[in-house]
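Produce the entire structure from the sequences given, and follow the hints as far as they go.
So the protein lines, in turn, are chains V and Z.
Going by the working numbering, the letters in the first sequence line up with residues 957 to 1155, in that order.
Going by the working numbering, the letters in the second sequence line up with residues 957 to 1155, in that order.
Be careful, since some hints might not be right.
[Unchecked claim] A short, non-exhaustive set of chain Z residues, derived as facing chain V with CB atoms under 8 Å:
hint	residue
1	Thr-1009
2	Tyr-1010
3	Trp-1076
4	Pro-1080
5	Val-1088
6	Gly-1090
The set of hints was computed from the structure by calculation and includes no laboratory data.
Glycine is no exception: its CB is placed at the ideal position from the N, C-alpha and C atoms.
Number of protein chains: 2
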Amino acid sequence: MPEFSPQRSFQPLLVPDEQQPWQTLSSQQLSPAPHVLLRDTVLTGHGTQLAYTYRPRGPVAVFVLPITLGGEAVLIRQYRYPLRAWVWEVPAGGVESGEELLGSAARELHEEVGGSAAQWLALPAFYPQPSVSGAAFYPFVAFGVTLQKAQPEADELIERHVLPLSETYRMLDAGEILAGPSALTLYQARVHLQARGLL
Amino acid sequence: MPEFSPQRSFQPLLVPDEQQPWQTLSSQQLSPAPHVLLRDTVLTGHGTQLAYTYRPRGPVAVFVLPITLGGEAVLIRQYRYPLRAWVWEVPAGGVESGEELLGSAARELHEEVGGSAAQWLALPAFYPQPSVSGAAFYPFVAFGVTLQKAQPEADELIERHVLPLSETYRMLDAGEILAGPSALTLYQARVHLQARGLL
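Spelled out as structure tokens, the structure:
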């Protein structure tokens, strides 16, 4: 049975609408789902009226650091069109409509690197870009991972790399993991890997 | 004289256009500067044509962990409209047109918390959301910071908090720093603070 810490909801941390210091006067949707973008006209606490373009809040993606039975990390190198570059990342992907976070994490682990996990650990969730986005990201560590053939989506360009944890964290400390959410997942996982004697 | 490590350019890490696995067929600008949003029609390596909405690549923001002469951290709590919440962050802000990264960091330190630094350390830059944004974020540690009155922009809602580093890192380890780029800045800074005997 997978172990899962369910205390992951962001709801208790959100300010109820009646306490909002800014007032929403109108809201226009600029971009359709799944990449919804809103442009609101807001009245600030100072009485200024301004336009604010942003992505609405909600769980958007899961990030998985897979650790194999042999104690290695499974990273990917992925082509990212907005960067015009290949970058090191952990397996990750969008939470689909109606999907549980853990189900989403298990699906991405399977699709992107062909992995199945014996045990899961939930790490602290975070907002990747609070100034322009309400997107919430949910990182996990997957332990006891076994690998089969990956099944990436047709338009995903992904290379799978199985690396010693020592090399993975050398890369992190050297600033070679340029993908911020993946780097943050690795930093959060470090203490747990050390506690288990894996690092 | 401030100390600054200049090896910060992302250019060597970007894939030159002639090596792109995807071909850009057309590009439409959905949103004006400074929050440029593009919708490109691209031809993938598999011959599929698809629409990709993203923010173009480039340096966008700086993040500053200020350490006072007394060895304390200066954090802020800021209202973020996309989250409808107040979150803990480090002082940060957009790089203005023509501005050097260090100049931008010094300006944000001054504006948001009224700080001036004796010494600067550049940490590894990162992409906050590689799937949808080419934005590059540049974190710094500011040492020997002295504080005067903050001068936030009229529509910024910011509280300044001076905290012991032990409490700052307790919050980080407990998952209380929900703003991902600020959390990543703190994780990156940790080894440098330990090396100086501050943590």
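Against the structure, the hints come out as follows:
Among the interface hints, the one on Z/Thr-1009 holds; its C-beta lies about 5 Å from the nearest C-beta in chain V, closer than the 8 Å criterion. Among the interface hints, the one on Z/Tyr-1010 holds; its C-beta lies about 4 Å from the nearest C-beta in chain V, closer than the 8 Å criterion. About 16 Å separates the beta-carbon of Z/Trp-1076 from the nearest beta-carbon of chain V, more than 8 Å, and the hint is not met. Given the 8 Å rule on beta carbons, the hint for Z/Pro-1080 holds: about 3 Å separates it from the nearest Cβ of chain V.
A cut of 8 Å between beta carbons decides the hint on Z/Val-1088: the least distance to chain V is about 6 Å, and the hint holds. At a threshold of 8 Å, the smallest CB-CB gap from Z/Gly-1090 to chain V is about 4 Å, leaving the interface hint in force.
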